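Taking the hints into account, I'd like the entire structure generated from these sequences.
2 protein chains.
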Amino acid sequence: MTAQPTDPAIYVDRLSRIRVAMEEQQIDTLLLSVGHDLPYLSGYPAMPLERLTMLVVPRDGDATMVIPALEAPRVTEQAGVFGLLPWGETEDPTAIVAKLSAGSKRIAVGDQMWARFLVELLPHMRGVEFTRAVDVVGPLRMAKDHAEIAALTAAGAAVDKIAGELQRGEIELIGRTEAQVSAELSRRILLEGHEKVNFAIVAAGENAASPHHHAGSRVIEPNEIVLCDFGGTMAGYCSDTTRCVFTGEVTPDVAEAYAVLHEAQRAGVTAGTVGTTCEDVDRATRKVIDDAGFGDYFIHRTGHGIGMEEHEDPYIVEGNTLPLEAGHAFSVEPGIYVPGKWGMRLEDIVVATPDGPLILNSSDRSLVSVA
Amino acid sequence: MTAQPTDPAIYVDRLSRIRVAMEEQQIDTLLLSVGHDLPYLSGYPAMPLERLTMLVVPRDGDATMVIPALEAPRVTEQAGVFGLLPWGETEDPTAIVAKLSAGSKRIAVGDQMWARFLVELLPHMRGVEFTRAVDVVGPLRMAKDHAEIAALTAAGAAVDKIAGELQRGEIELIGRTEAQVSAELSRRILLEGHEKVNFAIVAAGENAASPHHHAGSRVIEPNEIVLCDFGGTMAGYCSDTTRCVFTGEVTPDVAEAYAVLHEAQRAGVTAGTVGTTCEDVDRATRKVIDDAGFGDYFIHRTGHGIGMEEHEDPYIVEGNTLPLEAGHAFSVEPGIYVPGKWGMRLEDIVVATPDGPLILNSSDRSLVSVA
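If you're matching them up, the sequences are chains V and L in order. The working numbering applies: residue 1 is where the first sequence begins, and numbers increase by one. The working numbering applies: residue 1 is where the second sequence begins, and numbers increase by one.
I should point out that these hints are in silico values taken from the structure, not numbers from a laboratory. Wrong hints could be hidden among the right ones.
[Unchecked claim] In the PhoX-like style, the derived pairs of lysine-lysine whose C-alpha atoms are separated by at most 25 Å in a straight line are:
id : chain 1 : residue 1 : chain 2 : residue 2
1  : V       : 196       : L       : 196
2  : V       : 105       : L       : 105
3  : L       : 287       : L       : 341
[Claimed, not checked] Derived Cβ-Cβ restraints for the label pairs, each shown as a range:
id : chain 1 : residue 1 : chain 2 : residue 2 : range
4  : L       : 319       : V       : 16        : 53 to 59 Å
5  : L       : 103       : V       : 150       : 50 to 56 Å
6  : L       : 263       : V       : 146       : 52 to 58 Å
7  : L       : 263       : V       : 135       : 50 to 56 Å
Bear in mind the structure is a predicted one, so any value in this text is a computation, not a measurement. Yeah, the Cβ is synthetic: ideal placement off N, Cα and C, and Gly gets one too.
What follows is the structure, encoded as structure tokens:
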């Protein structure tokens with residue numbers, strides 16, 4: 001389902017850079033299972049099931065992919081990247097992983113590995129210090145190469161097309177439930193070439209004041225705001241955009257706030273240059289909203305990194321002093337949420353480049369009236 | 001998306017039974033995040049994202065759902081079930097959970113919680129013994145009540161309809177790729193009322209010899225076997241069925257093996273009575289296949305439990321001495337896989353009941369020719 005690079009040289013290179021980071025951080029073994037670090041380093045995404053798949057990467061020596069025997073045919077051993085170690089239905093894969101990691105003092109594990117497997121490993125590994133694999137793999141994954149930026153660009157163009165359809169009134173809103181519109185967005189996400197829908201938030205009127213609203217049975221009425229935040233995975237990389245439309249003539253209070261939001265979002269995008277810290281990008285959007293008196297209604301961070309994963313490093317949040325580097329891809333998505341009344345958010349994906357911020361979304365950023 | 005019961009009494013009851021199990025197993029605190037134990041006990045499925053949602057259940061005292069502030073509006077506090085504790089964007093949710101669990105000596109964590117959160121909890125919890133929540137929640141989840149069996153039955157009927165379409169030749173096979181047929185099965189899974197596709201394995205000819213084959217660019221030819229194993233989640237409960245069809249007149253070698261497979265599957269279903277151990281159900285299918293000389297080609301366990309999760313306890317595998325109880329729902333899916341030639345599997349979902357095995361699938365179990 002993903003368009004992972006098929007050239008093993010890419011994985012050999014990534015693994016060698018990972019090992020430098022392991023050396024620097026004194027990580028003896030890296031354990032990757034379900035999640036995105038595994039396909040990033042091996043080209044193979046584990047099945048998210050109860051049978052353990054685990055790539056065991058020692059700091060020195062060859063990596064081994066421990067894999068259920070019946071899934072072994074899904075993956076080809078890659079010289080210089082990993083060898084395959086299939087396990088049978090009555091074997092204990094945790095014991096196999098523990099043996100491969102024997103003697104390790106510090107072990108980094110993938111974020112989305114099932115906790116179950118760590119719980120099962122703990123008794124085999126008394127005294128071992130566990131850390132997050134994101135510390136070693138994250139910096140590499142954050143800095144997207146040209147192929148990755150191309151994949152993010154293509155995914156962004158696909159959702160922009162849907163945003164345009166929404167803004168031209170080609171997706172019926174009034175009289176339909178949020179859930180129906182969400183289902184239609186999901187269908188279009190797949191039709192435009194994504195292999196997977198990650199989310200399709202549709203929130204009308206006062207529901208839009210809940211940033212992660214679950215699209216429900218609420219019927220969309222005339223003369224209200226409809227917030228649509230949607231994205232999927234296309235060729236292994238994610239899209240994510242938010243646009244709001246208004247089912248009628250925009251009311252003055254909403255128009256006033258939206259102008260502030262639009263300016264805040266632009267300020268965040270403009271701040272997304274190489275060398276700027278993540279928290280300074282957050283502050284750039286927040287300052288505009290604060291200055292306009294809406295500060296109490298901007299209740300979340302400005303954005304998140306994006307790549308193989310919908311949300312990944314770098315997070316654009318107060319306290320994150322990481323300076324942006326070329327290739328860092330992230331969302332800029334400030335919002336204003338007035339409980340019981342309405343909410344609004346405007347989101348683009350941005351890549352920091354030596355030439356300044358590259359914006360991957362291009363649909364109309366204004367609050368389009370679809371009445 | 002799920003049809004979780006809305007009556008809090010169900011959750012109050014389930015939690016009180018969980019606390020009995022916690023008492024028996026000397027578990028001080030239960031921690032549930034992403035996964036199926038959480039909605040089973042609270043009605044709310046956490047968003048599988050980097051912001052932590054965690055239900056903290058002390059053995060005595062009230063349960064607390066630690067939840068990102070911007071997701072708090074998705075869930076309603078339930079008296080007697082849990083209170084809500086929203087955390088803000090710059091707070092550390094791990095520290096909050098650690099504080100709520102302070103003094104615990106044994107903590108059970110949900111299987112699918114992200115390992116990241118356990119890694120972050122470990123330094124707060126020196127000396128704590130971690131166990132799997134499945135030990136306390138699993139036995140309860142295994143024994144399905146009437147509403148759950150009804151949900152599994154409805155989901156089963158939905159995939160049976162698709163199996164019938166496949167067997168009547170209404171899903172074109174010859175000349176299409178496995179991936180195209182997989183996409184069509186996926187569309188039909190959604191059309192029949194599932195909210196989510198869990199998998200749609202399509203494996204033709206020699207590819208069918210790989211039980212977890214990833215549907216790919218292989219074009220389906222005349223005169224070969226096509227294995228289809230598909231399922232989704234409908235109103236929160238899963239479907240799962242496997243049927244093979246033959247794109248031509250079935251060849252004698254395949255017909256002979258299929259007769260064995262069919263008999264083995266029937267033997268497994270018949271064995272699925274209350275009191276029989278899981279490994280004895282496994283042995284029942286295996287004996288038929290062994291006796292016919294195909295033993296080396298049956299390379300996986302006989303089945304898995306099914307419910308809110310596609311694969312859950314009880315696993316029908318050698319070594320599992322758990323006796324089936326009324327309400328246990330599981331797959332019976334033996335297979336015969338001859339590398340390089342062909343593979344076949346036949347799968348139904350079965351519920352153990354006081355009146356004997358209740359089979360939730362009813363599509364034709366023979367190897368239908370679709371030429």
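Going through the hints against the structure:
Restraint check for residue 196 of chain V and residue 196 of chain L: satisfied, since their Cα atoms lie roughly 11 Å apart, inside the 25 Å limit. About 24 Å separates the Cα atoms of residue 105 of chain V and residue 105 of chain L, which keeps this hinted pair within 25 Å; it holds. Of the pairs offered as hints, the one joining residue 287 of chain L and residue 341 of chain L holds, with about 23 Å between alpha carbons and a cut-off of 25 Å not exceeded. Between residue 319 of chain L and residue 16 of chain V, the C-beta spacing of about 41 Å breaks the proposed range 53 to 59 Å.
For residue 103 of chain L and residue 150 of chain V, the hinted distance range of 50 to 56 Å is satisfied, since their beta carbons lie about 53 Å from each other. Between residue 263 of chain L and residue 146 of chain V, the C-beta spacing of about 57 Å keeps the proposed range 52 to 58 Å intact. Evaluation of the 50 to 56 Å hint for residue 263 of chain L and residue 135 of chain V yields a pass: the beta carbon distance comes to about 54 Å.
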